[in-house]
Amino acid sequence: MTAPTAQDSSAAYVIRGAQPLGGDPVDLLLRDGRIAGIGSGLEAADAAVVDADGLVALPGLVDLHTHLREPGREDAETVASGTAAAALGGFTAVHAMANTDPVADTAGVVEQVWNLGREAGHCDVHPVGAVTVGLLGERLAELGAMADSAARVRMFSDDGKCVSDAVLMRRALEYVKAFDGVVAQHAQEPRLTEGAQMNEGELSGVLGLTGWPAVAEEAIIARDALLTGHVGSRLHVCHVSTAGSVEIVRWAKQKGWNITAEVTPHHLLLTDELAATYDPIFKVNPPLRTAADVEALRGALADGTIDVVATDHAPHPVEDKECEWAAAAFGMLGLETALSIVQNTMVDPGRLDWAGVADRMSARPARIGRIEGQGRRLAEGEIANLVLYDSTVTRSVDPTESASLSRNTPYAGRELPGRVVATFLRGRPTVLDGKLA
Amino acid sequence: MDRHLLSAADLSRDDAALVLDTAEEMRSVADRPIKKLPTLRGRTVVNLFFEDSTRTRISFEVAAKRLSADTINFTAKGSSLSKGESLKDTALTLQAIGADAVVVRHHDSGAPHRLAHAGWIDGSVVNAGDGTHEHPTQALLDAFTMRRHLGDLKGRRIVIVGDVLHSRVARSNALLLSTLGADVSLVGPPTLLPVGVESWPVEVGYDLDQALAKCDAVMMLRVQKERMNASYFPSAREYARRYGLDARRMALLPEHAVVLHPGPMNRGMEITADVADAARSLIVEQVTNGVAIRMAVLYLLLSGTPLPSPDTDLEGSR
Amino acid sequence: MAAVHPAIGRVVLDERDIARALTRISHEILERNRGASDLVLLGIPTRGVPLAERLAARIREVEGEPVPYGSLDITPYRDDLRLRPARALEHTDIPVDGVEGKVVVLVDDVLFSGRTIRAALDALNDLGRPTAIQLAVLVDRGHRELPIRADFVGKNLPTSVVEHVRLALMEVDGRDEVVIADRTRETEQ
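Residue numbers (my numbering), protein chains in the order written: chain A, 1 to 437; chain B, 1 to 318; chain C, 1 to 189.
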């Protein structure tokens, strides 16, 4: 295929023979950042042709939960490297969590991150604002200033830490109503999880690792759901990990309260048994849980109780993972493998079709994040954020091939289905032929 | 036996019996004018102790020296805050030295496992106590001590009392004793018994008097007073009253029953002085037997051809 | 414990031959040492041990005095430990008066390369300083690899290196006999 300069967003593209949401093959014409036409046998003299025979076309994926680490931990990841990984994973927008150094609790820092995203140009970066100053859980950060800034923050989270003080959480939920914001809670009662290392269960007792009980997550979600209903606000629950949490979210939605929830790819696939290796590549917060929890999460994603898949991409340098478990950092990479894992755990077993994937990984996250130009349908006139994905191949995950600066993927050496072939951000390819454009 | 001794679960019934029988023979070396066997001459055993423990370290050192091995003591200051540079870089240094065995004590559960399986060293790894996980040579010397007084441990009732949640000695003993066919009971306050303990091959109870009346051996675990600050029990007094082994409780024991303690003891907390010093208390003998057991372990790991590497299928599961 | 398969070779010593050999050896020991004072018999496990016990019994019959006997495990002193997985130790039982200043008679079943005896000498060295060390074996089959020789021999049995010489003893195998077998035909235990 011929490809004019990737940075030239006025270039036009004809995508030949793609299957939108897995449907019948069509051609798509992209011009001036939009889908200018859909049909068969589309021709355009000035357009480069992208052969998409056999490829599924999805709207560009939107991640509600990513750690880009910049500012402060550029040894692990930068906005440039993280967004490159995102583009390779099929993402056209990511939400960058606020637990940077300095914390993203002011307009200044969120604008800095937003600018870095624009400069890198691999995907849109929507900074998440901290709920409390310094993530200390003591007083509210200037949520309004962040909302009004160029970054137009709409999602606020102390992720990494829990807003555990009930009054503070109430205030935050109330305050963000003024600008249609949402509070995204990292549900972890701190007193029940002091020194916690892995899921609390039979295995933690045997391995001698301090347990992280499910109730520490579920109790917070229940409380926050009740608060949200009471004050009439919006709540988003980060990385739901237990069957009990699923039940609480389901109950809260039945009550008509404005609750949304996310699940990470690793919680759809991996269980706490992997901790028996004592290899901290499997150490994550919230921890890997049991097979029963994994099954409940898959069912909830299928029926929509869980609204979105969010990666919680958490890069860490080698020395923070190549050590004894208790000394290791929590977190796993996720951007480049997310779609493959969703295919592996949900699509291939027939629990979710590609339309469902588009909903959970693009439409709903964009809606929750209040992002206008993302999560759109693949239709004429719409903004051309899309990803072309080959679901027929299998690849072995090689950490050294990642665009991330870090290597802490738990899937090294594992065979996963599918690969992102191309990603388009407002009509401009960020990824072509599986490589950065 | 496989190349590493990381957990009591690594030992089959035959492996465990072999260690105990070997230790029986090693024990007599202590009574000879020349307390040495030439068997591990030319082998290097490194004591890698991240946690302070003079007694265990010396026990391993004496054991290695009695087998004519060269010993190197490496007491690394590694707090849980200082990162794995300590563990990995230390391991690479040991590999460069050519350590045949690394005896490691660490405050983090799983550290010996990482050392054994991360591919940093070739030698055997012996777990001398990792966090709250395991302490297999302690369990072996406890079983050895009990066997010398009670005979075959099959069917014997052993009661382990105290802070099971934080005790690597309890975990290793529960595993090893049930491998040897004993009936193990764990007794302690519910706060100090781990979630999931029902799945262990043990009985669980909260009443110490009841358990003592029909046991052959009682093992008291060390309980730290500071646990009361995290509300595991209300006060040292209440703990000692409900779960301490004092003279009154000792009198409830069957006549042949023996008392053990892995040490160090909190006299007045889990055990009183008169019990610790009583004739049926084997606490001092446990320490003596530690050298023989560790000689047996080092002998079985290092005297023959290099042992096969255990299956790394856990690593390959991803 | 390896038991000898019956009828896998030819019997070169039967029960009565063995009994006569032991009786003769016990007399030779007494003759050589002018009696049994300061004598200690140490059998090398496995089958050297019941042999030492039998010799001690015969000596006691003749002299009227018990002679101390025991066992000496040489496993930790072997020169071939690293060629095979770790070997189980045998039992060492040194009589209460030790070996210091005694005449120690090592007792073994078959003398072959001499390495076992070399190991026994090293083991004894760590236990004390005997006045003298002598060696009694039931069978000497030649093929020494070290400068070691026996003082008391039940039978000299020239063999080829490919042959196996196996002693069966009542205490261990349920019968007394010495069998020579072709190495390739016998099942290695």
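Derived from the structure by calculation, the hints contain no laboratory data.
No residue lacks a Cβ here, since even glycine has one placed at the ideal position from N, Cα and C.
Treat the hints with care, since some could be wrong.
[Said to hold, decoys possible] Just a few of them, taken from the derived set where beta-carbon distance is under 8 Å, the chain B residues facing chain A:
hint : residue
1    : Thr-71
2    : Ile-72
3    : Thr-75
4    : Lys-88
5    : Leu-92
6    : His-106
7    : Pro-194
8    : Thr-272
9    : Ala-273
Hint by hint, work out which the structure violates, then give me just those numbers in ascending order. Those not satisfied are hints 1, 2, 3, 5, 8 and 9.
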